[in-house]
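Student: Put together the whole structure using the sequences plus the hints.
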Amino acid sequence: MRIRAHPIIDFKKRAELPFYFQKKKLVGEDGDTIASALHATGVRTLTTSLKYESPRGFFCGIGKCSSCLMRVNGVPNVRTCIAPLKEGILVEMQEKLAELPDAEFFGEPKKTIDVDVLIVGAGPAGLCAAIESATQGASVLIVDENQCVGGQLVKQTHKFFGSKQEHAGTRGIDIAKELENDLRRLECEGKIQVMTDATVIGCYENDKKHRFGVVERHEYKSRLYDVRCDAVILACGAMENMLLFPGNDLPGVYGAGAVQTLMNVYGVKPGERVLMVGAGNVGLIVSYQLLQAGIAVDRVVEAAPFIGGYNVHAAKLRRCGVLIQTSHSIKEVCGEKKVEGAVVVRLDENWKPIKDSEEYIKCDTICLAVGLTPSTRLLSQIGVNLEFIPEAGGYVAPHDGAMQTSVKGVYVAGDASGIEEASTAMIEGKIAGLASAILLGRSKNKKLLAQYREELAQLRAGPFGEKPRIAKEKIAKLAEAHHA
Amino acid sequence: MKSKADVVIIGGGVNGCSLAYRLAKKGLDVVVVEKKYLSSGATGACGAGIRQQWSTRENTQLAIQSVKIFEQLSSELGQDIEFRQGGYLIAVHDEKEMKQSEKNVAMQRSLGLKVDILKPEEITGVVPILDVKGMRAIGATFCPTDGHANPFRTTFAYADAARKHGAEINTHTTVIDVKTAKKAIHAVVTDQGTIQTNVVVNVAGIDSKTIAEMVKVKLPLTPFRKEILATERLQPLFEAMVISFKDGIYFSQQKEGQIVGGIPIPEEKGGYKTMPTLAFLSHMAQTLTRYAPVLKHVNVLRHWTGFYDMTPDARPILGEVKGVKGFIQCSGFSGHGFMISPMVSFLLTELIAEQKTSEVLESLSLERFKGKNIEKELSVVG
Ligand SMILES: Cc1cc2nc3c(=O)[nH]c(=O)nc-3n(C[C@H](O)[C@H](O)[C@H](O)COP(=O)(O)OP(=O)(O)OC[C@H]3O[C@@H](n4cnc5c(N)ncnc54)[C@H](O)[C@@H]3O)c2cc1C
Ligand SMILES: Cc1cc2nc3c(=O)[nH]c(=O)nc-3n(C[C@H](O)[C@H](O)[C@H](O)COP(=O)(O)OP(=O)(O)OC[C@H]3O[C@@H](n4cnc5c(N)ncnc54)[C@H](O)[C@@H]3O)c2cc1C
Ligand code: FES
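Chains as they are written, first to last, in the numbering used here: chain A, 5 to 488; chain B, 5 to 386.
To be clear, the hints were calculated from the coordinates, so they are not data collected in a lab.
This one's a predicted model, so the numbers in the text were calculated from it and none came from an experiment.
Take these hints with a grain of salt, some might be off.
As the list claims (entries may be wrong) - Just a sample of chain B residues kept apart from chain A, beta carbon distances all over 10 Å, derived:
| id | residue |
| --- | --- |
| 1 | K40 |
| 2 | G90 |
| 3 | G138 |
| 4 | F156 |
| 5 | N174 |
| 6 | T175 |
| 7 | F373 |
| 8 | E379 |
As the list claims (entries may be wrong) - Quick look at which bits of chain A chain B covers, simulated, 3 or more residues with Cβ under 8 Å:
| id | segment |
| --- | --- |
| 9 | 206 to 218 |
| 10 | 374 to 384 |
Said to hold, decoys possible - Keeping only pairs whose Cα atoms sit at most 16 Å apart, straight-line, the calculated EDC-like set for lysine to aspartate or glutamate is:
| id | chain 1 | residue 1 | chain 2 | residue 2 |
| --- | --- | --- | --- | --- |
| 11 | A | K100 | B | E236 |
| 12 | B | K300 | A | D178 |
| 13 | A | K163 | A | D178 |
| 14 | B | K259 | A | E103 |
| 15 | A | K55 | B | E260 |
| 16 | B | K300 | A | E112 |
| 17 | A | K16 | A | E33 |
| 18 | A | K55 | A | E108 |
| 19 | B | K277 | A | E209 |
| 20 | A | K273 | A | D368 |
| 21 | B | K40 | B | D195 |
Think of the CB as a built atom: it goes at the ideal place given N, C-alpha and C, for glycine as much as any other residue.
Tutor: Here it is as structure tokens:
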């Protein structure tokens, strides 16, 4: 199930890493996660559900849904979709609830870190925030749960739209590389500390500074950091939405982000024949990328009567012969232990299924591209004011033009501040990074701040910027009301 | 919302809801007013352990009788409250503690409770994952009929049963004033309207101090932030709640598999603080893994805070307050208000519906703080 020939990415064979699954020897490749290595050998069922004992595969692929928990080297409940594959490890399925760990524990003593700015998340928003803030003279710590930095960018093989400043015409994966180079340069200069494979677990009581707990995992060792900072930028991204239909938990029903991660980051085919649910930009782009990876896309179904994504993307798909059915949705998934097919159904003007319009299609993978919800758990724990704004994807923190929330020194940027796209996430990151440096007296460059805000407004000026524009206007109004 | 009621209950925690159920069952017209949602106060934050091993006679009695009620509560209310009797294992660390334990056990046995004093080597027979050396125990006491229930399910089951008997429960409704006339309760003012009534029960947890001030009554209550955590879920390992008065730790494994427990942080002082602390996380992790080293690899999933409403003698303030006719006190539970809630509502129902008072109620009145010889409850954890 490895992709070897690809028009954009060079998936050369990497060094082989033998490991054990249920006592059987399998071989993965250097750079794999445990789940991607298993998937490449055809293992899609990773665990069973606690209540009904139904088989479970992974869903989000980015460490956010816990449907991929396995026992690794005696340690239970490891999120195998983000845990790196290591040579010789023992991977086991858990019998319902986890047994006690039988591995030796390598805890390290707690460490304290004092910085000006803590940045949670190293996606486009977090990376830009870190680079901007450090360039302006603030000391920065950036933390991300994944092995590598880049967030969702590392899987986006298509060229970006938007303005020149925001890398229009460049592929997401290349933007990620550029940003990482800048980050590593600042790291070498001692201006930024980078922590990967580490999670910001919560905000804790402190007198003057903000205080966060961070758990860093390395080679199954872990260390707790007590991080004190004057400002924090929450660029934690978003979570993929789920749809309700019978069989939605079968191995083979994946989020679009997971599908993209598997094929574009690890070079593993998610399946042979895919039904795409959702014709927004994500659904369209990922469908095209599936074709590029040599995977068949049966069709794209979209519940709305129109295609939500850009026409160029839809046209590209159509040219490749992929059917896009609007006013259609998935009714159920067929299969006992894995996806074997699906039933799609036509919807009337009230989005209700039309009788006898069901059609069975054969496929082994369902890809859900039905929107994202901002990750606001840390914000809510800090006590930041949150409001429900449907256009922004759910609960979001009202913030001012400098991306500051209702709590002083707490900033948001990117999808966590309302679902949008990578280009706007990058500018929002720069604004938050610069504004925090100004707040701490490390910079006085208010002119640059105004320039960034102008760039952001321009990016949203087009017809497709309408939804985020409405969302951000609502957010600004709420923030003003809160201030008054 | 009704504009008139026999009784208005302020607070929708376990005590407010169980009282609403019992009073409504007696045929009284009851209205509950809760400012957020049911169990949003201490009830929803608590460990929900049920223990009969106390140092004072009243608490032991209240707890024993409460367990009798808990044992048949699921069938009485028609909903499973997940009551389980896995016992409480109380670690004893030195000779002084052993003396006190022997005294407690003698008193508890005189009330008919089955309690054992365990030798160190018997401890792992009850809770296999414990490291007796690590916990520095010279023994333990164990009562097999102590246990645990689900605080949410218990509260919701009481509330549903209360509604079936005609009680009105208003959530997201805040009491802003309590009116008196001629030194007697007259009405309760909420942000959703006023309710005429002659009886008000103050079951507002830590906010009961503010409610009392509305009728010019001063309660000797201090809020203490208490932190508690839950780990990831594991296969069943043990059934008992493990506690230590000396270390302040308590923990048990829930039905779903997670280990839930807490400990006070060493330098904690009282006050309305709500943020969790890193100090708790470290202290709890260190102590818990000293007691049960096999838990070292287990992840903490959640950590939250709640309040103990502490009184000077760590015992609740119950009953009608002298000088304000119809103002019934029901707070100050000092960290153990879940386990005695069945008896608390039973006694207060007798008082409100039948004007019957009891020795226990007398001894737990607000008046007791005027006397000199108050007996302090010693067996407090967390
Ligand atoms: C499938 C898909 C296709 C897309 N296609 C496009 C496209 O073509 N063009 C476009 O412009 N946009 C696209 N987007 C949207 C774009 O990727 C996002 O808007 C952008 O990545 C948001 O950036 P971000 O930095 O806010 O979040 P992310 O890129 O999601 O980064 C957030 C990071 O924070 C980390 N994190 C979160 N919480 C914690 C914590 N507590 N501790 C440590 N780390 C944490 C996460 O692991 C993650 O790495 C797509 C999105 C998806 C899912
Ligand atoms: C961490 C922790 C662990 C604990 N462990 C245990 C244990 O193991 N065993 C045990 O027995 N006990 C335990 N306790 C104690 C127990 O939780 C409490 O004693 C018990 O839940 C009190 O219930 P209550 O109904 O009296 O009060 P609460 O549950 O606090 O309810 C009071 C209610 O009043 C409402 N209210 C307040 N002001 C107003 C207003 N103005 N208008 C309307 N409504 C208002 C509040 O919103 C709240 O819902 C623990 C407590 C904590 C914090
Ligand atoms: S957490 Fe691993 S698949 Fe979602």
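Student: Does each hint hold? Answer for all of them.
Tutor: Each hint, compared with the structure:
1. K40: The claim stands: K40(B) keeps its Cβ more than 10 Å from every Cβ of chain A (closest is about 15 Å).
2. G90: Fine: 17 Å to the nearest Cβ keeps G90(B) off the interface.
3. G138: Consistent with the label, G138(B) stays out of reach of chain A, its closest Cβ about 14 Å off (over 10 Å).
4. F156: 18 Å, holds
5. N174: Since the minimum Cβ distance to chain A is about 23 Å, N174(B) lies beyond 10 Å and the statement holds.
6. T175: Nearest chain A Cβ is 19 Å from T175(B), so the label holds.
7. F373: Non-interface label on F373(B) holds, nearest chain A Cβ at 31 Å vs cutoff 10 Å.
8. E379: Non-interface label on E379(B) holds, nearest chain A Cβ at 35 Å vs cutoff 10 Å.
9. 206 to 218: holds (count 6)
10. 374 to 384: Violated - the segment 374 to 384 of chain A has 0 residues with a Cβ nearer than 8 Å to chain B, which falls short of three.
11. K100(A) / E236(B): At roughly 13 Å apart (the allowed maximum being 16 Å), E236(B) and K100(A) satisfy the hint.
12. K300(B) / D178(A): 41 Å, violated
13. K163(A) / D178(A): 9 Å, holds
14. K259(B) / E103(A): 15 Å, holds
15. K55(A) / E260(B): Roughly 10 Å between the alpha carbons, so the hint for K55(A) and E260(B) holds.
16. K300(B) / E112(A): Roughly 12 Å separates the two Cα atoms, so the pair holds.
17. K16(A) / E33(A): 10 Å, holds
18. K55(A) / E108(A): Violated, at about 30 Å.
19. K277(B) / E209(A): 9 Å, holds
20. K273(A) / D368(A): This hinted pair holds, its Cα atoms lying about 11 Å apart.
21. K40(B) / D195(B): 12 Å, holds
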